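Protein chains: 2
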Amino acid sequence: MEFLKAISAAEALAIISSFRVEPATETVALDDALHRILAEDILSAEDIPPFPRSLVDGYALKVKDIQGAKETTPLFLYVQGEIRIGEASRIELHDGKCVYLTTGAMVPEGADGVVMQEFVRAAGDAVEVTKTLHKGENICFQGEDIVKGAVVLQKGRSLSPFDIGVLSVIGRPAVPVYKRPAAGVISTGDEIVSVEEAPPFGKIRDINGHTITNLLKGNGADCRFLGIGKDTVDSIAGKLELARECDLIILSGGSSKGQRDYMADAITRLGGEILFHGINIKPGKPTIFGKLWGKPVFGLPGHPNSCAMVMMRFVLPLVRRLKGEEGYREKKMAGILGTNVPSTSGVEEYVKVAVREVDGECDVTPIFAKSSVISSFVGAAGYIIVPEGKDGYEKDEKVEVYLFPQ
Amino acid sequence: MEFLKAISAAEALAIISSFRVEPATETVALDDALHRILAEDILSAEDIPPFPRSLVDGYALKVKDIQGAKETTPLFLYVQGEIRIGEASRIELHDGKCVYLTTGAMVPEGADGVVMQEFVRAAGDAVEVTKTLHKGENICFQGEDIVKGAVVLQKGRSLSPFDIGVLSVIGRPAVPVYKRPAAGVISTGDEIVSVEEAPPFGKIRDINGHTITNLLKGNGADCRFLGIGKDTVDSIAGKLELARECDLIILSGGSSKGQRDYMADAITRLGGEILFHGINIKPGKPTIFGKLWGKPVFGLPGHPNSCAMVMMRFVLPLVRRLKGEEGYREKKMAGILGTNVPSTSGVEEYVKVAVREVDGECDVTPIFAKSSVISSFVGAAGYIIVPEGKDGYEKDEKVEVYLFPQ
Numbered sequence: 009m010e011f012l013k014a015i016s017a018a019e020a021l022a023i024i025s026s027f028r029v030e031p032a033t034e035t036v037a038l039d040d041a042l043h044r045i046l047a048e049d050i051l052s053a054e055d056i057p058p059f060p061r062s063l064v065d066g067y068a069l070k071v072k073d074i075q076g077a078k079e080t081t082p083l084f085l086y087v088q089g090e091i092r093i094g095e096a097s098r099i100e101l102h103d104g105k106c107v108y109l110t111t112g113a114m115v116p117e118g119a120d121g122v123v124m125q126e127f128v129r130a131a132g133d134a135v136e137v138t139k140t141l142h143k144g145e146n147i148c149f150q151g152e153d154i155v156k157g158a159v160v161l162q163k164g165r166s167l168s169p170f171d172i173g174v175l176s177v178i179g180r181p182a183v184p185v186y187k188r189p190a191a192g193v194i195s196t197g198d199e200i201v202s203v204e205e206a207p208p209f210g211k212i213r214d215i216n217g218h219t220i221t222n223l224l225k226g227n228g229a230d231c232r233f234l235g236i237g238k239d240t241v242d243s244i245a246g247k248l249e250l251a252r253e254c255d256l257i258i259l260s261g262g263s264s265k266g267q268r269d270y271m272a273d274a275i276t277r278l279g280g281e282i283l284f285h286g287i288n289i290k291p292g293k294p295t296i297f298g299k300l301w302g303k304p305v306f307g308l309p310g311h312p313n314s315c316a317m318v319m320m321r322f323v324l325p326l327v328r329r330l331k332g333e334e335g336y337r338e339k340k341m342a343g344i345l346g347t348n349v350p351s352t353s354g355v356e357e358y359v360k361v362a363v364r365e366v367d368g369e370c371d372v373t374p375i376f377a378k379s380s381v382i383s384s385f386v387g388a389a390g391y392i393i394v395p396e397g398k399d400g401y402e403k404d405e406k407v408e409v410y411l412f413p414q
Numbered sequence: 009m010e011f012l013k014a015i016s017a018a019e020a021l022a023i024i025s026s027f028r029v030e031p032a033t034e035t036v037a038l039d040d041a042l043h044r045i046l047a048e049d050i051l052s053a054e055d056i057p058p059f060p061r062s063l064v065d066g067y068a069l070k071v072k073d074i075q076g077a078k079e080t081t082p083l084f085l086y087v088q089g090e091i092r093i094g095e096a097s098r099i100e101l102h103d104g105k106c107v108y109l110t111t112g113a114m115v116p117e118g119a120d121g122v123v124m125q126e127f128v129r130a131a132g133d134a135v136e137v138t139k140t141l142h143k144g145e146n147i148c149f150q151g152e153d154i155v156k157g158a159v160v161l162q163k164g165r166s167l168s169p170f171d172i173g174v175l176s177v178i179g180r181p182a183v184p185v186y187k188r189p190a191a192g193v194i195s196t197g198d199e200i201v202s203v204e205e206a207p208p209f210g211k212i213r214d215i216n217g218h219t220i221t222n223l224l225k226g227n228g229a230d231c232r233f234l235g236i237g238k239d240t241v242d243s244i245a246g247k248l249e250l251a252r253e254c255d256l257i258i259l260s261g262g263s264s265k266g267q268r269d270y271m272a273d274a275i276t277r278l279g280g281e282i283l284f285h286g287i288n289i290k291p292g293k294p295t296i297f298g299k300l301w302g303k304p305v306f307g308l309p310g311h312p313n314s315c316a317m318v319m320m321r322f323v324l325p326l327v328r329r330l331k332g333e334e335g336y337r338e339k340k341m342a343g344i345l346g347t348n349v350p351s352t353s354g355v356e357e358y359v360k361v362a363v364r365e366v367d368g369e370c371d372v373t374p375i376f377a378k379s380s381v382i383s384s385f386v387g388a389a390g391y392i393i394v395p396e397g398k399d400g401y402e403k404d405e406k407v408e409v410y411l412f413p414q
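Same order as they appear, the protein sequences are chains A and B. Residue 342 in our numbering sits at position 334 of the first sequence, with consecutive numbering throughout. Residue 259 in our numbering sits at position 251 of the second sequence, with consecutive numbering throughout.
It is worth saying that the hints were derived from the structure and are not from the lab. Warning: the hint list may mix true and false statements.
If chains are identical, the list can't say which one is meant, so a pair holds when it fits in one copy or spans any two.
SDA-like mimics (lysine to any residue), calculated; alpha carbons at most 20 Å apart, straight line [to be verified]:
hint, residue 1, residue 2
1, 340, 55
2, 339, 362
3, 225, 165
4, 143, 373
5, 156, 402
6, 238, 95
7, 398, 353
8, 265, 90
9, 265, 126
10, 398, 95
11, 13, 387
12, 265, 19
13, 339, 408
14, 339, 365
15, 156, 206
16, 225, 166
17, 143, 288
18, 265, 92
19, 225, 326
20, 290, 64
21, 143, 15
22, 265, 125
23, 340, 389
24, 290, 412
25, 290, 395
26, 238, 96
These figures come from a predicted structure and were not determined experimentally.
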């Protein structure tokens, strides 16, 4: 096949982000909803709280009855009764009276304030109130937290522990979410053996299959590792067939030009289309993106560093779209470079960095390593991007660090 | 029981962090190791790469043979053979000769550089080399990435996707990790019903049980929700009995003083000990911490806001110790306050904030809400801390935002 020209990172992202995806939906129990993506706006069918509640232990009263009450000139109110927590009360408060409440208990009809126990002295079947209140003091009114009919959580949101608390209080034991995208992952290369094997001399164990599946797993995909393909179009096409039902297919391997050709040829032989082959980035240039059976397919470089960087920059944004996630916020931190970072002009370059907090500032140190060196990830916290048109950064320049997914 | 005096946040953290924990260990398959905590230092039993590898497609040669080679004055080398990727080769390179290699293939004995194909012209059974190399160019040497015997990952580390790639390449299909701590979670309160129930008038659905279990789940604990206890010492003690085998017990509930007493009484009746009852923080003051059956037990406030804040500030650090995690780095970002933040002196105060990026700066807006209002979590990205001795912050002051766990 004819080779396509390498394109810029921006062009590659534009092609990937215009790939049409339609995530399916399902309903899951609230207990299983953590980090799932809401497939519908969630409206509350109820006011929360559903009745006015006391925020303190004390006496519900009419604020007009205690105007001017002070420590030295307390005002008397008769105790009309008590409402316990959890108790449904139909008490209607009368003028000049009060009702004892504990925190969280229902505030009776007619009351517009609750005075804390600390500002009250008992006096037989009455109490002396030693403090004036403003209207509404120490009451959480019906619907003050969530009004019936309001949108409480929006479609596309990744559900946090707090969101799940909110869904609970409005009575949603099950929620509509997007299905996890199924990703098929294939390693390729005659030199690759699995982690269980002792590699014969000349071969090495698979790395990319593990890094890719775990990056996907950590990002909410349902991942299937489909094995290690050999360097033939037949072998790779055979592995691709196993991924026919997946929503996303990721091949990796092929450090040499010959190996990369097998991946592209296998995709086209099965009726797929190569959308680009080569991005002007470093590392990661020989990246393939295409469409097979209507699904997105990536051919990632075999160098583990290149493979991991392309996963983070180009694949995970598509995974988030396949998940239905909206409003994702890249995890970044600002820092100051401790050394110069030279860069190759004409490519977008990714440089791994270590970060260290010094006097409240974030000190950024680049980690330079050959593209084959994977141990450099262990000490790095993230990476910085040198844009295509920039010749690197200088010491003391402010940079943005993209934090690695954990 | 007699009430203990409220202590400072620093004292509370000191008591919690001196609670002795001894996480147990287990061995898991590499595929199940994401986000698990390493229980041992991992040493490599092999050099990685296990043999010198070519970083490019080209010809392995002796650098001394091509000193001075240029486009205009190329130097000739006879082609001695080819080493394919994955192939075990015992070729020894002779002076004045070269061997064809693809990227990732073994570099033959005697070679100390690989010239890229682009700088070579074929000439029968020889090649013309048009470029000089430095020693070692385009070779990843044996052990250059990881030296046999080196510690590649340290005990206490939370395993990232990249770490799992490293474990794979050094041949560890199973890894020693700490067991996930088992946490027993109990909600209490006569006013609380489960999410499945339509709350009778005067009652509300449980929130804290859901928020707590999901915060724990997201932080790697193995969580068991043990149900909703009533406001009696008997009922709470009965629920606590169900948590006897847990490594951590978390009660929540009790907005009123009476309710809180039941929690403390149930712990002591079962032979437990209250280590503190009350922290000078806002929200979250009525927090209980104790020891029951040798295990840490928390009694968290019933107000959902207070409960969630105490979980993040006081409980999760202990969860990380129970997990065996070391070197955890709090997720924070620096920002500039858009408004004044008043605060109560004499307490450490937590204020939820929204953040917005404006021209590369992070704009921080406090979200003020009553302690009962949980929907305020939905729009917040994290919180700021006003220390005990500080009367708040002023507009334009620089603050650190502690990001909410996702």
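Practice task
Run the structure past the numbered hints and jot down the numbers of the failing ones, going up.
Solution key: The structure breaks hints 1, 4, 5, 10, 11, 12, 17 and 21; every other hint is satisfied.
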